[in-house]
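From first to last, the protein sequence lines stand for chains L and W.
The first sequence maps to residues 1 to 287 in our numbering.
The second sequence maps to residues 1 to 421 in our numbering.
Rather than coming from a laboratory, the hints here were simulated on the basis of the structure.
Take the hints with a grain of salt, since some may be wrong.
Stated by the list, open to error - Below, simulated EDC-like cross-link-like pairs (lysine to aspartate or glutamate); rule was C-alpha separation at most 20 Å, straight line:
#: 1; chain 1: L; residue 1: K177; chain 2: L; residue 2: D86
#: 2; chain 1: W; residue 1: K92; chain 2: W; residue 2: E43
#: 3; chain 1: L; residue 1: K140; chain 2: W; residue 2: E234
#: 4; chain 1: W; residue 1: K92; chain 2: W; residue 2: E52
#: 5; chain 1: L; residue 1: K114; chain 2: W; residue 2: D251
#: 6; chain 1: W; residue 1: K363; chain 2: W; residue 2: D251
Said to hold, decoys possible - Pair ranges (Cβ atoms, derived):
#: 7; chain 1: L; residue 1: S38; chain 2: W; residue 2: E50; range: 53 to 61 Å
#: 8; chain 1: W; residue 1: V58; chain 2: L; residue 2: L129; range: 53 to 61 Å
#: 9; chain 1: W; residue 1: A219; chain 2: L; residue 2: S38; range: 25 to 33 Å
#: 10; chain 1: W; residue 1: S180; chain 2: L; residue 2: R253; range: 42 to 50 Å
All residues carry an ideal CB built from backbone N, CA and C; glycine is no exception.
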Amino acid sequence: MRTGRFQPWLYIGLALVLVSFFLIYPSIHTIFLSFTRSGEFSGIRNYIYIFTNNTMLTALRNNLLWVVVATAFTVAFGLILAVLLDRVRYESVIKSIVFLPMAISFVGASVIWKFVYAYRPAGTDQIGLFNAIITALGGKPIGWLIERPWINNFCLIMVWIWIWTGFCMVILSAAYKNIPKELLEAARIDGASEWQVFWKVILPLLKTTIAVAATTMMVFVLKIFDIVYVMTNGNFSTEVIANRMYKEMFHFRNFGKASAIAVVLFVLILPMMLINIRRFREQEAIR
Amino acid sequence: MLRRMLSAALVLLFLLGIGIVGTAQQEVTIAVVWSGAELEAFEKTLAPFEEETGIDVVIESVGRDLPAVLVTRVEAGNPPDIAAMPNPGQMKEFVNQGALVPLDFLDLTDHPQAFVDLGSLDGHVYGTFLAADLKSLVWYNPNALFAAGLGVPDTWNELMYVTQQLAAQGQVPWAIGLESGAASGWPGTDWIEDIMLRTAGPELYDKWVNHEIPWTHPAVGRAFELFGQVVRNEGFVYGGSTGALTISFGDSPASMFTEPPGSYLHRQATFIQSFILDANPDLVAGEDYDIFVLPSIRSPERPAPLLGAGDLVSAFNDTPEARALIEYLASAAAQEIWCGELGKLGINVNVDPGIYPDPITAKAAEILAGADVFRFDGSDLMPAAVGSGTFWTGIMDYVSGEDLDTVLEMIEASAVEAYGE
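Construct all of the structure, not just a fragment, from the sequences and the given hints.
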């Protein structure tokens with residue numbers, strides 16, 4: 001059968017229709033809505049709000065904090081575990097345990113950690129693990145989730161790290177096991193210390209995988225919502241962009257503002273997506 | 001597709017409408033927010049009415065979107081005969097729109113004047129209350145309070161004296177829990193509203209709710225400061241401000257019933273009783289725990305104003321059936337069934353106190369019946385971006401130590417936008 005001019009279109013037709021209906025049309029509509037307020041054109045007022053309102057600025061700052069800290073720690077812990085556990089006898093058991101939190105929903109994990117951080121006054125029974133440990137050691141209980149701006153934000157990010165470290169570990173471990181062992185042995189025979197082997201052989205070879213894990217994490221972290229919504233709802237300077245969007249949209253019915261926030265979030269995520277796609281293409285080209 | 005479905009639905013509704021007009025003579029429709037247990041209780045409430053009059057009451061259980069549905073149906077010229085109003089604010093909007101019919105035929109001598117006023121506008125009655133929930137209550141543990149050598153305070157100064165005395169004895173006077181998940185902060189808004197009513201008076205309170213005075217008005221700041229004198233004093237609150245911010249509103253009162261007592265006083269609405277009993281099922285109402293009204297502040301000689309919420313009904317169509325139903329809902333007979341089922345407080349003074357499940361609810365009903373000034377929960381009347389947005393977060397910020405002017409300016413900025421000014 002001859003390949004007709006229209007045949008390719010036929011093949012991708014359904015996909016095109018679905019993508020236009022579920023992705024392209026809503027995106028364009030959202031961008032359109034972001035320039036309106038209560039149904040009337042309002043120029044860039046919504047965008048001015050985003051970059052001048054105090055709560056929004058806190059949200060933008062916190063998203064940056066989340067991207068840097070959460071990504072750095074999940075990837076670093078994942079890498080350390082991947083390399084170290086390779087030498088442990090019960091590797092698969094320990095890896096399973098580290099990976100386990102992935103099976104818990106964000107809301108479930110947040111509720112669990114809310115109990116871990118729970119506060120009760122000094123002198124009474126502490127129901128939170130952290131404060132129970134601190135008071136057992138003779139310290140004073142701490143309101144983990146309200147100590148702004150650093151302790152509470154890091155406490156929230158810790159939940160993310162707890163969930164996602166297993167994911168990074170699995171990806172990095174697979175890549176690590178792909179490194180030919182002869183390379184590492186050769187380095188050791190040439191007199192390299194374990195430290196040097198890690199920094200000068202393993203790390204450069206894992207570079208692309210680390211980049212994949214990091215960009216994936218960044219895309220996910222930028223959209224952070226559930227943990228903040230459940231644990232603090234953005235109070236005490238823990239607001240993030242997606243939670244703000246949810247409130248404006250479903251709580252306050254400010255469709256315009258919510259859409260503008262969505263567009264900003266979209267623009268922030270776009271570069272990460274482009275980096276990911278470009279590297280994917282490069283890898284395909286090598287193959 | 002969507003349009004076709006919509007038009008099909010419209011045609012169906014139209015046919016149904018013809019059917020109703022064509023067949024039933026004695027019928028009245030009522031749109032309500034209630035569903036589940038509340039809907040069942042409402043059906044029970046209506047049963048004697050339907051039996052006696054032969055009028056068929058069609059209940060439309062619209063759910064929480066009732067405000068939006070009512071607005072569209074009024075616009076479409078097809079409102080239900082009667083509707084449970086979400087709040088008096090919305091009732092007034094419908095009156096100004098000319099959508100509601102006056103209910104001046106009602107004999108409301110058995111309703112406290114405060115509630116008649118809330119349902120009236122420009123000298124006409126437009127709404128009547130079926131039941132209410134009372135918020136201006138302080139819950140306490142009588143055994144503990146009397147053991148500390150203190151009594152029930154009658155004035156705000158006495159309340160503050162009790163607070164200071166307890167603190168001086170090394171005790172913690174107040175249990176305050178502001179945590180409520182995504183709604184954190186609302187218990188604090190009730191505090192502010194109660195204090196505003198007492199210091200600024202009902203007229204200024206109404207202006208504040210309608211944003212006719214800004215949040216930066218001294219009266220609002222004064223209310224926050226009085227609340228702050230309690231909640232921001234580390235020695236006055238169970239767990240200090242950290243405890244107030246992190247302990248859930250439902251867990252909070254449990255600290256009054258530990259041995260020795262973790263706290264002595266707790267300001268909360270009638271519904272908190274179920275939380276108290278959940279945590280300590282053996283407590284006896286009226287003996288182990290009791291209530292008093294949060295006292296007056298500015299004019300101690302007058303009874304304290306009351307803050308609460310209530311079930312308000314209004315009529316869109318003036319038919320004999322609608323009149324009969326409204327009259328029935330205002331009566332003690334209807335309210336006894338409704339309140340007995342749900343543990344709410346009757347408005348009609350003839351409601352038999354015997355229907356209340358426990359002495360505390362009966363006492364609250366008695367307090368309500370003597371209401372001098374009653375005001376609806378202000379945060380429920382404000383636009384969501386303020387009433388369940390910046391007001392909530394503002395409370396959390398203020399209690400966590402944020403500067404008062406910064407908090408009020410933040411709420412004011414959102415209010416200017418939300419009230420569409």
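Which numbered hints are broken by the structure, listed smallest first?
Hint check: 2, 4, 6, 7, 10 fail, others pass.
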